[in-house]
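Q: Now for the letters of each chain:
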Amino acid sequence: MIVTTKKDLDAIKGLLSDKKKLVIVGCAECAAVCQTGGSEQVREMAEALSNHEVLATISIQSPCDKRISSRDLKRIAEEVEEADALIALTCGSGAQALDEVTSKPVIAALDTHFLGMVERLGRFYERCSHCGQCILNDTAGLCAVTACPRRVRNGPCEHILGTKCDVYPQRDCVWHSVYERLKERGMDALFLAYHGPVDWSKNHSPREEIWQR
Amino acid sequence: MAEMISGPVLYAPRLETLETLSALKNLCEAHGNILAGEYGDLSPLAFYHELKNLGCETLLVEILLKNKNRGLVESYLVTASSLGFSGAVLAMGSFDKSPGMPMPVYDLDTAQALRLALDMRKAGRLREDFRIGVRAASGSGAAETRARYYITEGADFIVLPPGGPVPGLEGHTITLKEAGPAA
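Protein chains in written order, with my numbering: chain D, 466 to 678; chain L, 18 to 200.
Derived by calculation from the structure, the hints in this document are not laboratory data.
Certain hints may be false.
[What the hints assert, rightly or not] Short, incomplete list of chain L residues facing chain D, as computed with Cβ under 10 Å:
1) K42
2) Y56
3) G72
4) T75
5) M109
6) K114
7) P116
8) P119
9) A128
10) V151
11) A153
12) R163
13) R165
14) V176
15) P182
16) G185
Glycine included, each C-beta is placed from N, C-alpha and C at the ideal position.
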């Protein structure tokens with residue numbers, strides 16, 4: 466799930482000085498779970514922008530999916546056409562998808578942070594950096610790259626404090642956890658599997674995945 | 018593999034001013050071996066000749082990975098070897114978090130940088146007698162296994178802060194006289 470937080474409302478208002486008519490678009494998936502772009506947050510945004518003319522509000526299941534955004538926005542096509550801008554309570558991908566399907570100015574109202582594992586509402590944890598070259602099978606299922614602040618692929622580094630991380634001294638160093646877990650599972654040898662740097666030639670932005678049919 | 022360094026090594030993490038360099042002279046005479054760190058304002062590479070004039074028997078330079086990408090690591094290694102440093106110590110470096118600062122580099126980790134340096138020495142880009150060491154840690158199974166890995170991979174030595182040694186690596190360990198993992 467994409468974890469987002471709200472941008473400062475005054476900063477958003479500052480971007481709307483020359484935009485009177487607005488459409489507010491929320492995300493009924495990730496941003497709804499984060500309580501940054503669900504229907505309630507869409508309503509709150511509409512209230513906060515009451516000195517503008519809010520032509521329509523809508524929550525789209527996956528605004529990052531252009532097919533779904535195009536389909537759902539057809540329901541309010543006239544309002545979108547008339548709007549000076551769309552306010553996107555979505556992740557960055559969603560905001561850009563809205564821009565692409567409407568060709569309208571889109572004001573991103575959220576900051577996008579990371580791909581999060583959800584423990585429960587309000588507790589989101591980064592477990593994957595989507596580096597494109599996963600080493601989970603060598604590290605007993607722990608993404609050491611994400612859990613290590615230095616993103617070490619062959620750890621631990623020299624800063625390990627006993628078994629703890631120097632950056633987060635209350636936490637175990639993830640490479641210590643990897644070592645212990647591999648040992649428990651009788652897979653010790655994997656600890657010393659060499660992991661080269663992520664091959665930048667295959668991982669520079671913007672990344673694409675295009676199916677060859 | 019290059020020859021092991023004998024005797025204690027003094028870690029000078031910061032070279033701040035030319036006066037700091039002069040102050041090292043007495044320490045150098047007393048300790049014989051110096052690891053010049055790069056946490057200060059002055060780069061040890063730029064001040065090689067001043068450092069050499071201190072009369073140290075062995076002069077090592079620290080190469081931090083927190084502020085260099087692969088290209089710069091290569092450049093530092095070749096420069097250090099060409100200038101005449103006895104060797105380099107590869108270290109991740111401290112994790113600095115200051116408001117408004119961009120993220121640190123950490124393009125390579127020490128295992129990756131070690132492999133790079135060893136390949137460079139093998140290819141003749143570094144002197145044959147240019148020593149390559151790695152900062153390591155002790156005190157846990159994970160840390161000590163990784164330290165042994167560095168030596169198995171071909172590091173000439175590991176560098177440990179004062180404290181527990183890594184059993185079995187006593188002959189390959191430099192224990193620094195001054196504090197800590199790279200500052």
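Q: So, for every hint listed, does it hold in this structure?
A: The hints, checked one at a time:
1. A cut of 10 Å between beta carbons decides the hint on K42(L): the least distance to chain D is about 28 Å, and the hint is violated.
2. Among the interface hints, the one on Y56(L) is violated; its C-beta lies about 14 Å from the nearest C-beta in chain D, farther than the 10 Å criterion.
3. Because the beta carbon of G72(L) sits about 29 Å from the nearest beta carbon in chain D, more than 10 Å, this interface hint is broken.
4. Given hint, T75(L) at the interface with chain D, is violated; its Cβ is 20 Å from that chain's nearest Cβ, farther than 10 Å.
5. About 4 Å separates the beta-carbon of M109(L) from the nearest beta-carbon of chain D, less than 10 Å, and the hint is met.
6. Residue-level restraint check for K114(L) holds (minimum Cβ-Cβ distance to chain D is 8 Å; threshold 10 Å).
7. For P116(L), the interface hint is violated, the least distance from its beta-carbon to any beta-carbon of chain D being 16 Å, above 10 Å.
8. The interface hint given for P119(L) is broken, as the beta carbon of that residue sits about 14 Å from the closest beta carbon of chain D, more than 10 Å.
9. Given the 10 Å rule on beta carbons, the hint for A128(L) holds: about 4 Å separates it from the nearest Cβ of chain D.
10. Annotation: interface hint on V151(L) holds; nearest CB of chain D at approximately 8 Å, less than 10 Å.
11. The interface hint given for A153(L) holds, since its Cβ lies 6 Å from the closest Cβ of chain D, which is under the 10 Å cut-off.
12. A distance limit of 10 Å between C-beta atoms decides the matter here; for R163(L) the minimum to chain D is near 6 Å, and the interface restraint holds.
13. About 9 Å separates the beta-carbon of R165(L) from the nearest beta-carbon of chain D, less than 10 Å, and the hint is met.
14. Below 10 Å, beta-carbon pairs count as interface contacts, and V176(L) has one with chain D at about 8 Å; its hint therefore holds.
15. Hint on P182(L) is violated. Least Cβ distance to chain D is approximately 14 Å, over the 10 Å limit.
16. Contact between G185(L) and chain D, as hinted, is not supported at the beta carbon level, the nearest pair being about 15 Å apart and thus beyond 10 Å.
This entry does not satisfy hints 1, 2, 3, 4, 7, 8, 15 and 16, going by the numbered hints stated previously.
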